[in-house]
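Protein chains in written order, with my numbering: chain A, 5 to 364; chain B, 5 to 364.
Please note that the accuracy of each hint is not assured.
Note that the list lumps identical chains together, so a pair holds whenever it fits in one copy or between two copies.
[To be verified] For lysine-lysine, the following DSBU-like pairs were computed, each having C-alpha atoms within a straight-line distance of at most 30 Å: (1) K104 x K227; (2) K104 x K350; (3) K245 x K350; (4) K227 x K245; (5) K104 x K245; (6) K272 x K305; (7) K305 x K356.
It should be emphasised that the hints constitute simulated quantities derived from the structure, not laboratory data.
There are 2 protein chains.
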Amino acid sequence: MNARTSGQVHIIGTGLLGTSIGLALRNLGVEVSLEDSSPAVVALASDFGAGRTLEPGDNVSLVVACVPPDVAAETISSALSRFPEAVVTDVASVKSSILKEVLNNGSDLTRYVGSHPMAGREKGGALSGRPDLFVGRPWVVAVENETSLESIRVIEQLALDLGATPIRMTAQEHDHAVALISHAPQIISSLLAGRLADADDSDLALAGQGVRDTTRIAASDPKLWLQILSANAHELLPVLKGFATDLAGVITSLEQVSSAGSLARLGKTLEAGNQGISRLPGKHGSRNTPYAQVVVMIDDKPGELARLLNEVGAAGLNIEDLNLDHATGAQVGLVELSVLPAIEAKLVETLKSNGWRLAG
Amino acid sequence: MNARTSGQVHIIGTGLLGTSIGLALRNLGVEVSLEDSSPAVVALASDFGAGRTLEPGDNVSLVVACVPPDVAAETISSALSRFPEAVVTDVASVKSSILKEVLNNGSDLTRYVGSHPMAGREKGGALSGRPDLFVGRPWVVAVENETSLESIRVIEQLALDLGATPIRMTAQEHDHAVALISHAPQIISSLLAGRLADADDSDLALAGQGVRDTTRIAASDPKLWLQILSANAHELLPVLKGFATDLAGVITSLEQVSSAGSLARLGKTLEAGNQGISRLPGKHGSRNTPYAQVVVMIDDKPGELARLLNEVGAAGLNIEDLNLDHATGAQVGLVELSVLPAIEAKLVETLKSNGWRLAG
Numbered sequence: 005m006n007a008r009t010s011g012q013v014h015i016i017g018t019g020l021l022g023t024s025i026g027l028a029l030r031n032l033g034v035e036v037s038l039e040d041s042s043p044a045v046v047a048l049a050s051d052f053g054a055g056r057t058l059e060p061g062d063n064v065s066l067v068v069a070c071v072p073p074d075v076a077a078e079t080i081s082s083a084l085s086r087f088p089e090a091v092v093t094d095v096a097s098v099k100s101s102i103l104k105e106v107l108n109n110g111s112d113l114t115r116y117v118g119s120h121p122m123a124g125r126e127k128g129g130a131l132s133g134r135p136d137l138f139v140g141r142p143w144v145v146a147v148e149n150e151t152s153l154e155s156i157r158v159i160e161q162l163a164l165d166l167g168a169t170p171i172r173m174t175a176q177e178h179d180h181a182v183a184l185i186s187h188a189p190q191i192i193s194s195l196l197a198g199r200l201a202d203a204d205d206s207d208l209a210l211a212g213q214g215v216r217d218t219t220r221i222a223a224s225d226p227k228l229w230l231q232i233l234s235a236n237a238h239e240l241l242p243v244l245k246g247f248a249t250d251l252a253g254v255i256t257s258l259e260q261v262s263s264a265g266s267l268a269r270l271g272k273t274l275e276a277g278n279q280g281i282s283r284l285p286g287k288h289g290s291r292n293t294p295y296a297q298v299v300v301m302i303d304d305k306p307g308e309l310a311r312l313l314n315e316v317g318a319a320g321l322n323i324e325d326l327n328l329d330h331a332t333g334a335q336v337g338l339v340e341l342s343v344l345p346a347i348e349a350k351l352v353e354t355l356k357s358n359g360w361r362l363a364g
Numbered sequence: 005m006n007a008r009t010s011g012q013v014h015i016i017g018t019g020l021l022g023t024s025i026g027l028a029l030r031n032l033g034v035e036v037s038l039e040d041s042s043p044a045v046v047a048l049a050s051d052f053g054a055g056r057t058l059e060p061g062d063n064v065s066l067v068v069a070c071v072p073p074d075v076a077a078e079t080i081s082s083a084l085s086r087f088p089e090a091v092v093t094d095v096a097s098v099k100s101s102i103l104k105e106v107l108n109n110g111s112d113l114t115r116y117v118g119s120h121p122m123a124g125r126e127k128g129g130a131l132s133g134r135p136d137l138f139v140g141r142p143w144v145v146a147v148e149n150e151t152s153l154e155s156i157r158v159i160e161q162l163a164l165d166l167g168a169t170p171i172r173m174t175a176q177e178h179d180h181a182v183a184l185i186s187h188a189p190q191i192i193s194s195l196l197a198g199r200l201a202d203a204d205d206s207d208l209a210l211a212g213q214g215v216r217d218t219t220r221i222a223a224s225d226p227k228l229w230l231q232i233l234s235a236n237a238h239e240l241l242p243v244l245k246g247f248a249t250d251l252a253g254v255i256t257s258l259e260q261v262s263s264a265g266s267l268a269r270l271g272k273t274l275e276a277g278n279q280g281i282s283r284l285p286g287k288h289g290s291r292n293t294p295y296a297q298v299v300v301m302i303d304d305k306p307g308e309l310a311r312l313l314n315e316v317g318a319a320g321l322n323i324e325d326l327n328l329d330h331a332t333g334a335q336v337g338l339v340e341l342s343v344l345p346a347i348e349a350k351l352v353e354t355l356k357s358n359g360w361r362l363a364g
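Isolated chain A (complex conformation) (with noise of 0.2 Å):
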């Protein structure tokens, strides 16, 4: 494959998102060199196949700061000035308070574009690094007056070539999207979450899938969260006002729940939630995944998935997704397969006359 990045890239803190954009640059042949604050973290980031260490001579032409959102403006100025032909980038969840002070600081903003990869995992760490964490996920480019074009593109064809979808935007358009997309419902989740820190076991043996999905990212790190929402605060605070009226009327309408109205109010925050749930791109950036699916029942033993997925093969058609739900105690797994509408009925067809058990 060719790269379209052109030149050595330069990785400044290789944790999850450093090493990950290493291993996908290196799969390309980029020349990557890397760096960290310790010495251990950029050792493994290397062995893993990331890059290497910066040695005397290196032509920089991209450095990205992957470093957290409280040293970031430091450390992006610093590579503004270390590697004057360099263009520069960082990958934090936050833009406008980092581009404020990287302005304070007297930098050629000429050169920066800031960068918000929209992706991520729970475990973080160079060993969570993955060269595909990027592809098909959102990336924001930050676009000021001051950027020129030429930085613009060096940004924009990084993304590409990490497999992610570019998207221009300002600082400020970003810090306002990211408060509603990702920071109130990481503040949220970790608020549900809290109401369980104290619950008694009892309540919490009867958590199903929804309690489970709801506070998922509450496990997220509390370090980093913090200086994310705190930078963000400005733009935060409506949302998250916003819904704390929301809540206030629910809380009233279960006050007064048998008087007139209240329950009329009460159903229209639930259809709210219909609608806005609606609104979310698909899965994978279209508005609906067009996806149908089809449940099979398989026996709990080695070979079984491998069979049926090898007959779906067989028959020429091509699986978008798979789930696997497979329940303790029981003798038989429910596989659900995704597949375009236009091969649900010979899915179905194919799956029964090879004798497999469909459900639902």
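We have chain A already, so just place chain B on it with the hints.
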């Protein structure tokens, strides 16, 4: 397989839960009759294999009312009269308000036992029914002083026949638990999704997995949830008020982000979320899912997944869970295989020696 349940089971209401119970009991050879306010719906469930219609001379020993909460008490009281020898249960998500109404109806409480199987799907209706919907799930058996031991035994045997784990608690204990573990997450998820209803498309384009997970259950049926939430207002209100107080604290911290102590308070909120989520029992009842994950990159073409699983099966290795992440536009997919930790090393070795590319 031998059923623990003896005699004829009559199911009133053949939506998702009623149909699923019928399918599971029929699989065990239990005699099942069906009834629904809609003749078309009962015919569908019957065709689907969930049971037959009620006939003159039928001797019903257990009635399961699978109707919405607002008609549950009426259905239960009516069933206690119509089938004077039968034990009667229901599957509604609230228990105290229904119990109170059944009591007010002057019904025989020795033969009524409230149930709440902690299972469901986002899709309702008979066609979504699955015989193993309840496998591995908690099944609350709501027991009061008046309930006869024989009636309790009948419902616990039913739960066991369906593969569920019966958990005895009073109606009040149940409602207290589900307010925290189910009803609060539902309304919080709806409120969060409601914030998205009027958002700009450009903001929504940045949506990632976090906002999707936290809002997934906001897609649930507003009519059903309006009944559930309003019927459990008494237990739900303290949870929501506690949440509102915590949220107000977060808002204050973010407003005073540069003053001493503010960040520490916000950090404590995020840490409480970590603690809360760590207290949730594992997906299948154990506190932590003990599986090891191995991620394999596969080409996006028919048969690749089958080939992978074939080789894993041929090595005698059992897959406990599987997730396929298929990114649009990418030529590769990621398959996350979950296995018992004891066989992780062998799996990795097998995959590598067969030339598979491992990620992460």
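Hint check results:
no.: 1; hint: K104 x K227; result: within (22 Å within a copy, 48 Å between copies)
no.: 2; hint: K104 x K350; result: neither (58 Å within a copy, 52 Å between copies)
no.: 3; hint: K245 x K350; result: neither (51 Å within a copy, 52 Å between copies)
no.: 4; hint: K227 x K245; result: both (23 Å within a copy, 27 Å between copies)
no.: 5; hint: K104 x K245; result: within (25 Å within a copy, 38 Å between copies)
no.: 6; hint: K272 x K305; result: neither (47 Å within a copy, 45 Å between copies)
no.: 7; hint: K305 x K356; result: both (20 Å within a copy, 23 Å between copies)
When held up to the earlier numbered hints, the structure conflicts with 2, 3 and 6 and fits the remainder.
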